[in-house]
Each structure stands twice: as C-alpha cells, then as structure tokens.
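Undergrad: Chain residues, written in single-letter form:
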Amino acid sequence: MSKAAELAALIGSQTALSNRNMIINGAMKVAQRGTSSTAASYGSVDRFFYSASNLDNHAFTQTQQAVTDLAEFTNSFRITTTTAESAIAANELVYVAQKIEAQNCQQLAYGTSSAKQVTLSFYVKSSVTGTFSTNLYEVDDSRIVNSEYTISSANTWERKEITYVADQTGVIDNNNGTGFYVTWNLALGSSFKGNAATAWEAYNTDNWAGAGTYTDAVITTVNSTWEITGIQLEIGEVATPFEHEDFGTTLAKCQRYYFRQNHDTNIPYLGAGAVYRNTLAMLIMNLPVAMRAAPAAIDQSGTAAHYTAWGNESTTACSAVPTIRAGDSKTSVNVDLTFNTLNSATGTYVYRIVNTSGYLGVSAEL
Amino acid sequence: MSYSFMKTNDDGNVIYQRTDDDGLVRRTCLSVDHEFQAWLRANKDSLPDDIQAKIDAGELTIADAD
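Those sequence lines, one after another, are chains R and P.
Going by this note's numbering, the letters in the first sequence line up with residues 8 to 373, in that order.
Going by this note's numbering, the letters in the second sequence line up with residues 1162 to 1227, in that order.
Treat the hints as calculated values from the structure; they're not laboratory data.
Even for Gly, the Cβ is constructed at its ideal location relative to N, Cα and C.
One or more hints might be untrue.
To be verified - Listed next, the in silico EDC-like pairs over lysine to aspartate or glutamate satisfying Cα-Cα at most 20 Å (straight line):
1. K1205(P) - D63(R)
2. K337(R) - D1172(P)
3. K36(R) - E79(R)
4. K36(R) - D63(R)
5. K1215(P) - D1183(P)
6. K1205(P) - D1172(P)
7. K1168(P) - D335(R)
8. K337(R) - E320(R)
Stated by the list, open to error - Listed next, the stretches of chain R that the computed footprint assigns to chain P, with coverage defined by at least 3 CB atoms under 8 Å from CB atoms of chain P:
9. 198-211
10. 298-306
11. 331-345
My request is simple: use the sequences and hints to build the entire structure.
TA: Have a look at this one:
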C-alpha cells in the first residue's frame, strides 16, 4: 500500500485534517460575559446556553469552571443546582445547547443522497450517575434525531462518543440562521420523551428525547453538578482527538455572535460619536469581527454612572443606561447615551466606561 | 427577570428592556433579538401587559423558534 493510501485509510471517512470541529469554544476557554451567572440563556461560557422552561423552584449557577483533573483541558461549563426542583412536571424541560449557524452546516449535504453522518464527542462529569439524553434538532425543517449516554462514576470525567445518522430528507438552508441545536438534556417532563428517534424524523415534542429512563437528579438534587468540556462535532463515524485551537481564533469565532468591551483602566474608551441634542448622544462602536447579523441587543452593567461623555473640557455622566439605537450594520453598532444636560448640543464626544464594573456587550446570538 | 417596552427612539425603532431580579436594566434590544424572542415564546401565556398590548396591536410578533 502506498503512503498516500495508508494515510487515506487512517483518515477513514473523515473529510478534513483540520477545522473538523463544528462546535465553537468546545474547550470552554472563552467566557466574555463572565465566569458565573444565575440566569438562564447565555450567561458564562460563550456560545453555550442554558434553557430551563416552566420550572417552579429551581435555582442554579452556570459557570466557566477551572479544570485541574482532565489532561489537555483547563476549563469546563458547569451547571450547579442551588435550589432543587421538587419534581419534574410534564411541561418542564432543562437542557444545555449550542446552536450551529446554518451556513456552517452545508458540508453535511443534508437533504441529499450524499448526506453525511456526524459524530459528537465530549468529556462529561457529574455528581449524578445514570442515563442522560442528547439530540440534534434541525430548525429549518423541524427534524430531530436523539441519543443517550450514561455516566457510570460520580465526579469522574468520562469521554462519550455518539454518532448520528445522516439526514437525506431535511434541508438546512444556506444562511446565517440556526442550522441545528446540539443538545444535552438535564431534565425532561413526560411531554418531551418517549420516542427514540434513532433516525431523523419530524419533531413532535415527544421525540426531544428517547424512551429510556433518564435521570433528572441534577435538577432535583441540591448541590448537584453537571459539567462538560472537550466537545467536538465532526463529519464521519469516528471520533477523532479534540482539535485544540489557539485562544485568539476561538475568541474571534465567538465574537461573531457576541462581543463585550470591559472597563480598561488604561484605555476606557468605547468610541466616539456625535451629540444629537444636549440630552442625547450617539456612540458609534466599531466591532472587532463582522457579526453574524446586525446586532439586535446590547448589554451593560445596569448603572448609568458607569458611562460618561468626555469632551468640551468636561466629563458628564450618563443619566440612564446606554441603549441600542439601531441594528443596521454587522461591523458597528449605534448606541444611545442619555444625559441630564451635556455642555454642548453639538459636536463630538468620546464615550468612556469609568467604573471597573462597567462593560458594553453587543449581541447577534442565534 | 422580565422584559418590558422601553421607548420608541428618534429613528422610530421600538426598544425593549430586560429588568433583572435586582431591579437593574442590563439589556436593551430590538424586537428581533433572539433572546427576547425566546423569552416571549417561553412566557407567551403570561406576558406583561405592555408587551401583550404590543402584540395585540400588531406591533410585536412572536417568531417561531429559529
């Protein structure tokens, strides 16, 4: 066998030696929003969100966790239950997921006879042992395939590998919307399980998870934990070693969806912009990466005085928190800054973050 | 946390705000924001009056899950 043939055999059905991983931030290194949050949705590690629907009691933290007991990895995404849900009702659902942009899924050739299977691999550790469910949910044609994995030993990192069959029916549109969710379920009401969709099929609520006996104990047990890292989703039926990438590359990928500028003592400037009238100014904030779409939201610290206008020989604190003005561009965002009275109704000011708790976040998340 | 109508700005854009449990507004958004839309879907049966009024007036639409 020639060397080329040997290499081809080693590669198997994999189609790329690099850039294999469709997951962004799978090593959990980037957490622009901060390392801990008690809110659902996007809160700590970039690109991963926590969804908890219809719960009554549950309180939690989602954290970017330092890892010291798993070779090659320094961070994980951890969920900790701080108040247990008393019971899981039929309509209750809790999961962690990443949405993958549709145009980044086109190599899967879904909806054609050339559709490719994918393999998901990850490291998981939990205080709870038992069987957990996962799924891929394709948004455009509302189709789903589900699977499961078992955690055998409490508080021990375990590597899991799951291969999902190809979908020759559902089509993922070639655009900047959501291609599919990659989901790890933590609690399933009875409405969301019971139908083992081992092949892709139309989503019908009860096939969000299969027919197994899945533990909800992470959510129903106080102080329980579930954490994950080293996530890779790649074409083919074989899980290859996790493809590490440099921090800057991962950060730039994350900033396509969310960018946060924090306070910097040396360079506290957000940018410059014109005064609209003496109570309102507009900041034009240039973004480091072209975002997925024109930003539709901004985050800030919640305290108006963390933000100031600087110019005309004076500094004036905002009287209300900065607000998004418009979402017209993928490379900049317009922000309204409100003041009791600026010392000029015209001209250009520089806008600054003047408190270490201040920040401005720009979102074009899926 | 909860969302509410904040203002219509000089450009005519309708701005919504998210008020966190400590009473601080930390997020403002346009109606198309995916996180706002996810919140609308999750709470569609018990929306605040001002949000429901926007929907009833046809000024705000709850999009299907993306």
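Undergrad: Please write out, lowest number first, the hints stated earlier that are contradicted by the structure.
TA: 4, 5, 6, 8 and 9
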